[in-house]
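Undergrad: These are the residues of each chain, in order.
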Amino acid sequence: MDIDDILREVDPTFHEVPQEKRDLQDLTRAWVAERSAPELLSWPSDGLFERISDSIRRQIERIEEMTGDMDPKTNFALIVIQTELERFKFLVRSYLRARLSKIDRHALHYLSTDELRARLSDTEMAYASRHQALLHNHYLSSFLSSFPPALQNLNDTSGGIAMVDTPDLESAVFIRLLNDSLVMGRGVDTDDTSEFQEGDIVILRWSDAKSLVESGRAELV
Amino acid sequence: MSYYDIDSILTDAEKIPCTFQLDVPELGYLDNSPGQTLKAGARVALPLWLAELLAITSTGSSDDQNKSYVAFDLPHALRNDVVQALKAEPLAVPLRDQSAHFYSLATHMMDLSEEPELSATLRKTFVRRAAEIALHARKLGGGTGKGDEGGSNLGVGGAGEEFLRGLDEWERRLFRKAHDGTRAGKEWMEKIKKN
Amino acid sequence: MALPLPPGLTQPEVAFLAEMELVTIVPRQRLESISLLGGQTPPLRPPHRAELPLWLALLLKKQRRANIVPPPWLHPASLSEIITRESKDNPDAFSSPPPPPSRAHPTEPGRARRLAESDANLSPPFQPSCTADAPAGYLPYHWLEVAEALLAHAGDDMPVAAGEVRSLLRDLVEVRAAKMRSSTSTLESFGGGLTSLRGVGAMELAESRGFVLGVVDGVRKLGASAEATRREEEEFGGGRDVSDDESDEDMGI
Numbered sequence: 001m002d003i004d005d006i007l008r009e010v011d012p013t014f015h016e017v018p019q020e021k022r023d024l025q026d027l028t029r030a031w032v033a034e035r036s037a038p039e040l041l042s043w044p045s046d047g048l049f050e051r052i053s054d055s056i057r058r059q060i061e062r063i064e065e066m067t068g069d070m071d072p073k074t075n076f077a078l079i080v081i082q083t084e085l086e087r088f089k090f091l092v093r094s095y096l097r098a099r100l101s102k103i104d105r106h107a108l109h110y111l112s113t114d115e116l117r118a119r120l121s122d123t124e125m126a127y128a129s130r131h132q133a134l135l136h137n138h139y140l141s142s143f144l145s146s147f148p149p150a151l152q153n154l155n156d157t158s159g160g161i162a163m164v165d166t167p168d169l170e171s172a173v174f175i176r177l178l179n180d181s182l183v184m185g186r187g188v189d190t191d192d193t194s195e196f197q198e199g200d201i202v203i204l205r206w207s208d209a210k211s212l213v214e215s216g217r218a219e220l221v
Numbered sequence: 001m002s003y004y005d006i007d008s009i010l011t012d013a014e015k016i017p018c019t020f021q022l023d024v025p026e027l028g029y030l031d032n033s034p035g036q037t038l039k040a041g042a043r044v045a046l047p048l049w050l051a052e053l054l055a056i057t058s059t060g061s062s063d064d065q066n067k068s069y070v071a072f073d074l075p076h077a078l079r080n081d082v083v084q085a086l087k088a089e090p091l092a093v094p095l096r097d098q099s100a101h102f103y104s105l106a107t108h109m110m111d112l113s114e115e116p117e118l119s120a121t122l123r124k125t126f127v128r129r130a131a132e133i134a135l136h137a138r139k140l141g142g143g144t145g146k147g148d149e150g151g152s153n154l155g156v157g158g159a160g161e162e163f164l165r166g167l168d169e170w171e172r173r174l175f176r177k178a179h180d181g182t183r184a185g186k187e188w189m190e191k192i193k194k195n
Numbered sequence: 001m002a003l004p005l006p007p008g009l010t011q012p013e014v015a016f017l018a019e020m021e022l023v024t025i026v027p028r029q030r031l032e033s034i035s036l037l038g039g040q041t042p043p044l045r046p047p048h049r050a051e052l053p054l055w056l057a058l059l060l061k062k063q064r065r066a067n068i069v070p071p072p073w074l075h076p077a078s079l080s081e082i083i084t085r086e087s088k089d090n091p092d093a094f095s096s097p098p099p100p101p102s103r104a105h106p107t108e109p110g111r112a113r114r115l116a117e118s119d120a121n122l123s124p125p126f127q128p129s130c131t132a133d134a135p136a137g138y139l140p141y142h143w144l145e146v147a148e149a150l151l152a153h154a155g156d157d158m159p160v161a162a163g164e165v166r167s168l169l170r171d172l173v174e175v176r177a178a179k180m181r182s183s184t185s186t187l188e189s190f191g192g193g194l195t196s197l198r199g200v201g202a203m204e205l206a207e208s209r210g211f212v213l214g215v216v217d218g219v220r221k222l223g224a225s226a227e228a229t230r231r232e233e234e235e236f237g238g239g240r241d242v243s244d245d246e247s248d249e250d251m252g253i
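Chains as they are written, first to last, in UniProt numbering: chain A, 1 to 221; chain B, 1 to 195; chain C, 1 to 253.
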């Protein structure tokens with residue numbers, strides 16, 4: 001039993017935010033976060049994306065049914081529905097493309113460990129491994145195969161520098177506090193710890209912000 | 001630092017003054033005497049990647065274990081009079097004339113040897129010059145101003161142009177970001193009135 | 001296919017986000033509830049007010065099916081008050097954001113609790129900070145986007161001539177732009193690990209994001225070796241600068 005259930009029992013006037021509204025809020029937050037974070041974030045594990053794709057599909061079917069109906073009142077409703085559908089499609093596309101660009105840029109990195117691979121959805125995983133395989137074959141046939149075997153690796157770490165590019169987790173980000181929280185941020189001269197209020201906007205390193213964002217105490221903006 | 005980063009590769013090619021710590025046979029061509037032995041104490045400018053390698057690699061000779069091949073000094077771009085000039089007036093020094101990768105080079109050097117004072121001075125310099133960069137970017141990007149403070153009075157002319165010419169690569173990138181942000185803001189403003 | 005944009009929302013994306021803000025409308029025509037992906041719209045019955053997302057309110061407005069009630073903070077008296085606060089009372093910081101809903105009803109604990117629980121973790125654009133019930137005297141996160149959209153498309157719904165509101169907005173933009181600039185010109189704000197921009201707006205942030213983050217990241221890179229040295233010393237010195245007795249005493253306070 002979660003907090004909502006308890007509240008509903010003790011307080012009949014408590015009304016839960018409808019699932020559709022909550023999904024829109026979650027999708028929006030996921031989009032902003034993915035557009036702002038320097039690294040790929042985890043694919044939502046609660047079926048958010050599957051639910052949204054399903055309702056988008058159903059809405060498209062509904063629009064097709066309604067298009068036959070020429071009643072002017074329904075007609076305006078149709079405009080509203082289509083406008084909103086386009087807004088949802090934009091959110092979904094932009095979210096997926098922001099993820100794709102991170103996967104493209106650091107494909108070998110995100111494929112390198114189980115923990116990192118777990119952040120990708122099944123389709124993203126298939127995309128990343130096939131794309132990487134194609135690239136590797138292309139490199140081999142165009143130039144890598146003429147190198148001595150010892151120089152053909154794409155993941156060499158000798159010479160003190162790794163060939164596999166990784167995102168800079170120390171990059172600065174903007175976050176907004178969702179609860180009053182104590183925030184720790186490492187700096188060059190000092191490490192700061194301060195109490196911030198709900199709604200405050202703070203600049204700090206992503207590595208310091210990450211746990212706040214993942215625990216829902218803050219969001220990226 | 002990343003493997004495929006062009007700026008970091010170019011920074012690695014910057015020349016660093018090095019002093020050889022021991023005689024190296026056949027290496028005299030580095031010091032304009034081909035075929036000769038390069039004597040210990042010879043001062044040669046080596047690219048950063050090579051200098052770094054030789055400075056941190058121990059020669060492994062039995063007599064003095066910890067001796068490295070070369071000792072290096074701070075590059076010309078970071079010499080004392082440049083740093084003093086930056087301390088006095090950060091805006092007056094055209095960094096690009098010292099090196100197009102001035103900050104990148106400095107960061108790399110500070111990784112190799114501790115330079116706390118240099119680090120503090122460069123951070124102050126960077127922040128002070130960044131504020132000036134933002135000012136110019138805002139004017140050139142059209143700004144969100146009332147329109148009467150357009151390009152002409154601060155503009156690209158004169159001192160402004162000279163300052164912008166002297167930006168190093170980090171600063172140029174900063175300038176572009178500030179400029180793009182201002183311009184995108186202005187474009188949004190204009191678009192909202194149209195539709 | 002991959003998105004070619006730099007990290008962080010750009011201005012058009014911020015404007016898109018702001019269109020999700022709820023605003024209050026007065027319908028001029030009946031309209032039945034519509035099931036949208038984001039939930040049911042309320043049925044519209046003139047002259048009863050209703051709250052709708054800005055994008056839908058603008059759609060209705062353009063078709064003359066509704067008027068939009070400007071949020072109280074957009075009234076000239078409220079804007080003048082904010083300008084005074086931003087320029088005279090507190091010239092160094094942005095004025096406070098609107099109080100979050102969980103804190104909004106200190107005198108009605110029951111109501112406050114309910115808001116806090118049912119709207120758990122709500123943040124702009126899903127907090128009702130641009131409706132007719134929003135408090136005057138506070139700028140919400142999407143203030144500039146909502147204000148510009150209303151001025152452009154619902155100027156005739158303003159309580160006074162749109163030109164007057166517009167000119168107050170210009171002044172406010174100017175006062176705050178100067179603060180954004182000065183927030184990046186002091187080294188003190190970057191030697192530490194946290195910089196607060198309490199009260200900043202979404203569009204202001206989008207405009208300065210690339211530059212501000214570029215400065216913070218640059219300072220971090222230039223200070224990386226100094227920072228590493230400091231961490232080593234703190235680790236071996238037990239977190240205290242043993243060479244300096246005075247600062248030791250300070251730390252004891």
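It should be emphasised that the hints constitute simulated quantities derived from the structure, not laboratory data. Backbone N, C-alpha and C fix where the C-beta goes; we use that ideal spot for every residue, glycine too. Possibly wrong hints are sitting among the right ones.
[To be verified] One side only, chain B facing chain C, incomplete, derived with CB under 7 Å:
no., residue
1, A100
2, T107
3, L122
4, R123
5, F126
6, G166
7, E169
8, W170
9, L174
10, K177
11, A178
12, G181
13, W188
14, I192
15, K193
Undergrad: Decide, hint by hint, whether the structure agrees.
TA: Hints, verified against the model:
Because the closest C-beta pair between B:A100 and chain C is about 16 Å apart, greater than 7 Å, the hint is violated. The beta carbon of B:T107 is positioned within 7 Å of a beta carbon in chain C (closest approach about 5 Å), and the interface hint is therefore held. Residue-level restraint check for B:L122 holds (minimum Cβ-Cβ distance to chain C is 5 Å; threshold 7 Å). The restraint placing B:R123 at the interface with chain C holds, with a minimum CB-CB distance near 5 Å, inside the 7 Å limit.
Annotation: interface hint on B:F126 holds; nearest CB of chain C at approximately 5 Å, less than 7 Å. Hint status for B:G166 relative to chain C: violated, with the closest Cβ pair at about 17 Å, above 7 Å. Using the Cβ-Cβ criterion of 7 Å, the hint placing B:E169 at the interface with chain C is not satisfied: the shortest such distance is roughly 11 Å. Taking 7 Å as the C-beta contact cut-off toward chain C, the hint placing B:W170 at the interface holds, the least distance being around 6 Å.
Annotation: interface hint on B:L174 holds; nearest CB of chain C at approximately 5 Å, less than 7 Å. Evaluation of the B:K177 hint against chain C yields a held restraint, the C-beta minimum of about 3 Å falling below 7 Å. With a least beta-carbon distance of about 4 Å to chain C, the hint placing B:A178 at the interface is held under the 7 Å criterion. The beta carbon of B:G181 is positioned within 7 Å of a beta carbon in chain C (closest approach about 5 Å), and the interface hint is therefore held.
Interface restraint check for B:W188: the shortest CB-CB distance to chain C comes to about 4 Å, inside 7 Å, so the restraint holds. For B:I192, the interface hint holds, the least distance from its beta-carbon to any beta-carbon of chain C being 5 Å, beneath 7 Å. About 5 Å separates the beta-carbon of B:K193 from the nearest beta-carbon of chain C, less than 7 Å, and the hint is met.
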